[in-house]
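2 protein chains.
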Amino acid sequence: MNNTALKIQVEKIKVSKIDQVDFDNLSFGSVFSDHMLVCDYKNGSWEAPKIVPYQPISLDPSAKIFHYGQSIFEGMKAYKDENDEIFLFRPLDNCRRLNISAKRMAMPELPEEFFMEGLTALLELDKDWIPRNAGSSLYIRPFMFASGTGFHASPANQYKFIIATAPSGSYFAGKVKVLIEEKYSRSANGGVGYAKAGGNYAGQFYPTQLAVEKGYNQVIWTDDNTHENIEEAGAMNIFVRIGDTLITGPTSDRILDGITRKSILEIAKDEGIATEVRKITVSELVEAAKKGTLKEMFGAGTAAVVSPIATFGYRDTDYDLPELENSYASRLKKRITDIQYNRAEDPFGWRFKV
Amino acid sequence: MNNTALKIQVEKIKVSKIDQVDFDNLSFGSVFSDHMLVCDYKNGSWEAPKIVPYQPISLDPSAKIFHYGQSIFEGMKAYKDENDEIFLFRPLDNCRRLNISAKRMAMPELPEEFFMEGLTALLELDKDWIPRNAGSSLYIRPFMFASGTGFHASPANQYKFIIATAPSGSYFAGKVKVLIEEKYSRSANGGVGYAKAGGNYAGQFYPTQLAVEKGYNQVIWTDDNTHENIEEAGAMNIFVRIGDTLITGPTSDRILDGITRKSILEIAKDEGIATEVRKITVSELVEAAKKGTLKEMFGAGTAAVVSPIATFGYRDTDYDLPELENSYASRLKKRITDIQYNRAEDPFGWRFKV
Ligand SMILES: Cc1ncc(COP(=O)(O)O)c(C=O)c1O
Ligand SMILES: Cc1ncc(COP(=O)(O)O)c(C=O)c1O
Numbered sequence: 009m010n011n012t013a014l015k016i017q018v019e020k021i022k023v024s025k026i027d028q029v030d031f032d033n034l035s036f037g038s039v040f041s042d043h044m045l046v047c048d049y050k051n052g053s054w055e056a057p058k059i060v061p062y063q064p065i066s067l068d069p070s071a072k073i074f075h076y077g078q079s080i081f082e083g084m085k086a087y088k089d090e091n092d093e094i095f096l097f098r099p100l101d102n103c104r105r106l107n108i109s110a111k112r113m114a115m116p117e118l119p120e121e122f123f124m125e126g127l128t129a130l131l132e133l134d135k136d137w138i139p140r141n142a143g144s145s146l147y148i149r150p151f152m153f154a155s156g157t158g159f160h161a162s163p164a165n166q167y168k169f170i171i172a173t174a175p176s177g178s179y180f181a182g183k184v185k186v187l188i189e190e191k192y193s194r195s196a197n198g199g200v201g202y203a204k205a206g207g208n209y210a211g212q213f214y215p216t217q218l219a220v221e222k223g224y225n226q227v228i229w230t231d232d233n234t235h236e237n238i239e240e241a242g243a244m245n246i247f248v249r250i251g252d253t254l255i256t257g258p259t260s261d262r263i264l265d266g267i268t269r270k271s272i273l274e275i276a277k278d279e280g281i282a283t284e285v286r287k288i289t290v291s292e293l294v295e296a297a298k299k300g301t302l303k304e305m306f307g308a309g310t311a312a313v314v315s316p317i318a319t320f321g322y323r324d325t326d327y328d329l330p331e332l333e334n335s336y337a338s339r340l341k342k343r344i345t346d347i348q349y350n351r352a353e354d355p356f357g358w359r360f361k362v
Numbered sequence: 009m010n011n012t013a014l015k016i017q018v019e020k021i022k023v024s025k026i027d028q029v030d031f032d033n034l035s036f037g038s039v040f041s042d043h044m045l046v047c048d049y050k051n052g053s054w055e056a057p058k059i060v061p062y063q064p065i066s067l068d069p070s071a072k073i074f075h076y077g078q079s080i081f082e083g084m085k086a087y088k089d090e091n092d093e094i095f096l097f098r099p100l101d102n103c104r105r106l107n108i109s110a111k112r113m114a115m116p117e118l119p120e121e122f123f124m125e126g127l128t129a130l131l132e133l134d135k136d137w138i139p140r141n142a143g144s145s146l147y148i149r150p151f152m153f154a155s156g157t158g159f160h161a162s163p164a165n166q167y168k169f170i171i172a173t174a175p176s177g178s179y180f181a182g183k184v185k186v187l188i189e190e191k192y193s194r195s196a197n198g199g200v201g202y203a204k205a206g207g208n209y210a211g212q213f214y215p216t217q218l219a220v221e222k223g224y225n226q227v228i229w230t231d232d233n234t235h236e237n238i239e240e241a242g243a244m245n246i247f248v249r250i251g252d253t254l255i256t257g258p259t260s261d262r263i264l265d266g267i268t269r270k271s272i273l274e275i276a277k278d279e280g281i282a283t284e285v286r287k288i289t290v291s292e293l294v295e296a297a298k299k300g301t302l303k304e305m306f307g308a309g310t311a312a313v314v315s316p317i318a319t320f321g322y323r324d325t326d327y328d329l330p331e332l333e334n335s336y337a338s339r340l341k342k343r344i345t346d347i348q349y350n351r352a353e354d355p356f357g358w359r360f361k362v
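Respectively, the protein sequence lines represent chains A and B.
For what it's worth, the working numbering labels the leading residue of the first sequence as 9, then goes sequentially.
For what it's worth, the working numbering labels the leading residue of the second sequence as 9, then goes sequentially.
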């Protein structure tokens, strides 16, 4: 995408910070690249995006982001191949999901070309920040929040859309142990669970802390009414393999429609793996674990890619999953990352060259 | 509270902005007083609060408030009586509720004396900003948010607590028409509905906009599972009068435990009004409206005080409420505001002299 129709004004950083970064020891999302894209919404429309040095944002104390939670975000990655060519994975899907979130949170939708052209211009400028190391990538964080002011509980009249990037290593370190949650919930029927809205994450922290204190890494959310249906994990959709069938729950207004999830489903079909999209109940899971037919569980998401779950806890009992030689998780992870890093054919047309 | 144990550092504004304010035409929460209280949480503890001129806040683009919705707030008012004495209403309850919200959102609890002494010092300094006009007051907005940085979805390690104030007129103008919501929801069982968390408000804006397009001011939320139980309105708890009994729903993890609500319940008992705290179903409401036993409905909250509802809509039908001479709403509103503005005895010990 080089014939940029949009005029994106660029203010370059005076001295790059890149020399201060240890690319061999990257944590997740804690070091930020030189530049960011900023776009302001005022008087009913979006102003042209600008690229500026990564820098603090100044806001009035009554800006509605501080009070009424109008904030949404996306999570993407930029991948570099052997020849230093840069790729994104299904970026338009992130842009469209951002706008789905925006609508639900009464925020203005962003023109797709602002997102796509702004992002590609930013990546071209900061391309040296995209790690080459295996397992690392440039994590991309597009986000939008209410900058308009006032203590009246109503939508703001001004918003900021920003894209910042962070060279990052892997999201989880080590084996993932999850706890099936029966008391707390992530989302309501008719609520905002399907939006990538800030408040959905803050609400998960306390229950997750309680689970961490018990020795788990992550909570598996169930529906708030019966707590019988497995829904999703912190920032991942959940897959379960019972026998040789790969199962994931259907999306709904309580669940984020993950791009990794839907890609994994398509890859699995392409690999000849039997898939089912249907409700997974906790009882089914426990029963399968007891019978030995529960072969695998894994989380899927942009940050965590495909993260195999080693153990799930439910009502004071831990159920360990077997360690398989040729697991679906490792096959599917290899296929999706090979596409992302341009190491294999992409029959699906998902890879996007910057 | 004059023997301040805490040392609160004060930086005064050079030139007050008060002359620019038209105290006879105040809207709600859109003009801000000269100073604000700021308190920072770092390295595991709260630093001493400071009073500074009301000014912009500068934050890193990766501050977690922008991404993961760790934000909570309170809403209070300062009232001035005839002799220019200043009063708060049950302020410690706001402080405690802030800490209940903080816990649920995995944010640090604030020491009560920071809240109480910080607030009284701020009000003493900005006392000229407290309106004297009938129906006006100084709206007080204590809020806390995550200022710590990083794109990892986990609690921040730094927070800011701020109190800003805004001289304000009434929240609603004119008659209030509400719509009983059956599709969208405000909160989940096991969710964060009982916390005064930013995300709870953003999630209400879109359904409220849809209701406004149909000619209503406000949505009445029902439970997300059956949509049969009346829960609360935007920033108000709901009361219903059927026959001569005043009814309000029980609090739960889906509903904010409103200070106005519980005060109204006590005042009503003191007035000899029969009260019930129990589930109110939509069918009961519609039936009572049809039979003519539904006498009143009103919302109760700090911002809206007691706001009589003129009409409720349910499934394409509008039900008008009668206009009563000596309504419970007007009696209760008079009693509570007389206490707040120091115009009457306070047998409950709720008034707090600054
Ligand atoms: C709640 C939630 N579920 C699932 C996902 C996975 O979605 P995706 O694969 O699009 O990254 C994410 C992360 O983005 C998430 O935040
Ligand atoms: C969701 C919600 N319910 C009820 C209330 C009323 O609570 P209070 O009377 O303490 O102001 C408020 C406002 O504070 C609110 O935000």
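Hint data in this document are derived by calculation from the structure and do not stem from the laboratory.
Beta carbons: idealized from backbone N, C-alpha and C, even for Gly.
One or more of the hints may lead you astray.
[To be verified] Pair ranges (Cβ atoms, derived):
#1 A:280 to B:51: 50 to 58 Å
#2 B:165 to A:181: 15 to 23 Å
#3 A:191 to B:265: 46 to 54 Å
#4 B:56 to A:330: 37 to 45 Å
#5 A:190 to B:234: 48 to 56 Å
#6 A:19 to B:28: 45 to 53 Å
#7 B:53 to A:330: 41 to 49 Å
#8 B:32 to A:24: 36 to 44 Å
#9 A:104 to B:280: 25 to 33 Å
#10 A:265 to B:339: 45 to 53 Å
#11 B:285 to A:111: 45 to 53 Å
#12 A:30 to B:53: 28 to 36 Å
#13 A:333 to B:265: 50 to 58 Å
#14 A:61 to B:56: 31 to 39 Å
[As the list claims (entries may be wrong)] Calculated lysine to aspartate or glutamate pairs in the EDC-like style (CA-CA distance at most 16 Å, straight line):
#15 A:183 to A:19
#16 B:191 to A:331
#17 A:303 to A:331
#18 A:191 to B:136
[Stated by the list, open to error] Beyond 10 Å from chain A on every Cβ pair, some chain B residues (computed):
#19 51
#20 143
#21 185
#22 208
#23 211
#24 327
Going through the hints against the structure:
Taking the beta carbon of each, residue 280 of chain A and residue 51 of chain B are about 54 Å apart, inside 50 to 58 Å as hinted. A C-beta distance of roughly 19 Å is found between residue 165 of chain B and residue 181 of chain A, which places it inside the suggested range of 15 to 23 Å. Between residue 191 of chain A and residue 265 of chain B the CB atoms are about 19 Å apart, so this pair departs from the stated range of 46 to 54 Å. Range check, residue 56 of chain B to residue 330 of chain A: Cβ separation about 55 Å, and the 37 to 45 Å hint is violated.
Between residue 190 of chain A and residue 234 of chain B the beta carbon distance is about 20 Å. The supplied range of 48 to 56 Å is therefore violated. Between residue 19 of chain A and residue 28 of chain B the CB atoms are about 34 Å apart, so this pair departs from the stated range of 45 to 53 Å. Taking 41 to 49 Å as the suggested C-beta distance range, the pair residue 53 of chain B and residue 330 of chain A conforms, at roughly 46 Å. Separated by about 56 Å at the C-beta atoms, residue 32 of chain B and residue 24 of chain A break the suggested range of 36 to 44 Å.
A beta carbon spacing of about 59 Å between residue 104 of chain A and residue 280 of chain B contradicts the range 25 to 33 Å that was offered as a hint. At about 51 Å, the CB distance of residue 265 of chain A to residue 339 of chain B agrees with the hint of 45 to 53 Å. The hinted window of 45 to 53 Å between residue 285 of chain B and residue 111 of chain A is violated, with their beta carbons roughly 37 Å apart. Take residue 30 of chain A and residue 53 of chain B: their Cβ atoms lie about 30 Å apart, and the range 28 to 36 Å holds.
A hinted range of 50 to 58 Å holds for the C-beta pair residue 333 of chain A and residue 265 of chain B, which are about 54 Å apart. Here the CB-CB span from residue 61 of chain A to residue 56 of chain B is close to 33 Å, well matched to the stated 31 to 39 Å. Restraint check for residue 183 of chain A and residue 19 of chain A: the C-alpha separation of about 43 Å exceeds 16 Å, so the hint is violated. Taken as a hint, the residue 191 of chain B and residue 331 of chain A pair is broken in the structure, with Cα atoms around 44 Å apart against an allowance of 16 Å.
Proposed proximity of residue 303 of chain A and residue 331 of chain A is supported: the alpha carbons are some 9 Å apart, at most 16 Å. Using a Cα cut-off of 16 Å, the hinted pair residue 191 of chain A and residue 136 of chain B is violated, with the two alpha carbons roughly 48 Å apart. Residue placement check: residue 51 of chain B keeps its beta carbon more than 10 Å from all beta carbons of chain A (closest about 17 Å). With a closest Cβ-Cβ approach of about 16 Å to chain A, residue 143 of chain B is found to remain outside the 10 Å limit, as its non-interface label requires.
With a least beta-carbon separation of about 16 Å from chain A, residue 185 of chain B lies farther than 10 Å from that chain, consistent with its non-interface assignment. Not every beta carbon of chain A lies more than 10 Å from that of residue 208 of chain B, the smallest distance being close to 7 Å; the non-interface claim is violated. With a least CB separation of 4 Å from chain A, residue 211 of chain B falls inside the 10 Å interface cut-off, contrary to its annotation. Listed as outside the interface, residue 327 of chain B is consistent with that label: its C-beta sits roughly 22 Å from the nearest C-beta of chain A, beyond the 10 Å cut-off.
Hint violations for this structure: numbers 3, 4, 5, 6, 8, 9, 11, 15, 16, 18, 22 and 23, all remaining hints satisfied.
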